[in-house]
Amino acid sequence: MASPVHQFEIQPLIPVSVGGVDVSFSNSALFMVIAVGVSYGFLVWGMRERSLVPGRWQSMAELTYEFVANMIRDNVGKEGFRYFPFIFTLFMFVLVGNVLGMLPYSFTYTSHIAVTGALALVVFAGVTLIGFARHGLHFLRLFFPHGAPLATAPILIPIEIISYLSRPFSLSVRLFANMTVGHIMLKVLAGFVVSLGVVFGIVPLAATVGVTILEFGIAFLQAYVFTILSCIYLNDAINMH
Amino acid sequence: MLPQFNPAFFATQLFWLAMCFGVLYFLMARIAVPRIAEVLSERQRRIDDDLERASQLKTQTESAIQAYERALAKARAEAHAVLQRSQDEIDHLVQTRNREVAERLAGEVRAGEQRIAAAKEVALSEVKGIAAEVAETAVVRLAGLALDPSRYREVVAAVVKEHV
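Protein sequence lines, in the order shown, are assigned to chains A and B.
Quick note on the working numbering: the first sequence kicks off at 1 and runs consecutively.
Quick note on the working numbering: the second sequence kicks off at 242 and runs consecutively.
Derived by calculation from the structure, the hints in this document are not laboratory data.
Hints are supplied without guarantee of correctness; some may be wrong.
[To be verified] So, partial list: chain B residues that the calculated Cβ filter (under 10 Å) puts toward chain A:
id, residue
1, Phe256
2, Phe262
3, Tyr266
4, Ala273
5, Glu279
6, Leu281
7, Arg287
8, Ala384
[Claimed, not checked] Chain A is nowhere near these chain B residues, computed Cβ spacing over 10 Å in every case:
id, residue
9, Ala259
10, Ala270
11, Leu298
12, Thr302
13, His321
14, Ser327
15, Glu330
16, Ile331
17, Asn339
18, Leu388
19, Val401
20, Glu403
Glycine residues also receive a C-beta, built at the ideal position from the N, C-alpha and C atoms.
With the hints as extra help, turn the sequences into a complete structure.
Here you go:
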């Protein structure tokens, strides 16, 4: 039986090299391309009729749009809509990546720390740049909130700085760990079905079905969490709490 | 060890992540998001337009109802005035007719009374003549006296005067 972590193996499909660095088109890249196609197809094909009264696909596309729009409206406010396309792309990329990973024999690019870490770092760097661009050095006030007694500064400021700097780690590790653990769990449980045979295998089979349903929920939920945390960070940068 | 921690594949993932995320961002920002936003704002515009038109129509309806009620009140007042005028005319006519008829009847009554009085007079004078002749005949037959005929008429006239 294959190792439960075999599914995370990067397999180069087309060797590509840029400036001596190996950037082969791998199974990970393939699923990223599929995710782009699925996102584009879902939204643009779904909206092809541009009906006043939406059909099923158009409703879904509009629902996705409104979902992200509400996240920004509730967590950031009107100012946040300048960054709507980025937040929306982020949500679609993570959501479609997570959901595609639920297909058998597929590859979950969001289960790789390199991908989630890069996305989290882009969010972190972007938010920090926006913060300094809007507020200048006053943005540092984020580390020492108004109204806090001056005496608490030696403790409060380091804590706030550490919590701010740990954001990209928590953001990336949360998504990577959730995806990885869920897929390993599924693989292990499914392995028990084979090893226990037809009679007793029914128990892990039922568990596998349950966990599969759970994993679909987690696929959506983690995309939501990743996006909403990005919105909350963006809110800090724009509105300073 | 998890394949995730193998640095040999970091570069390829980051490269394709950048490519795919970039392409997706372009597609979303340039095509998908404006298209959905356009449909949603068009729908919102239509809803607002319809609501506005509905409120306009409502105002129109209300003003039409007001105009109708004003016209109704005016018509009622006019009808009332016409009725009042006709009533007055009828009353006047009835009074005039009543007076005329009463006058004519009174005239006829007077003429009738005069005719009755004249007839009575004639009848009485004839009765007096007959009575005088009867008295004369009775006196001649019973007493055999021949008195002056004017005496009988005087006596009859006196008796009639006494009884009538």
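Next on the checklist: Hint compliance check: list the failing hint numbers for this structure, sorted ascending.
Outcome noted: Per hint list: 8, 9, 10 violated.
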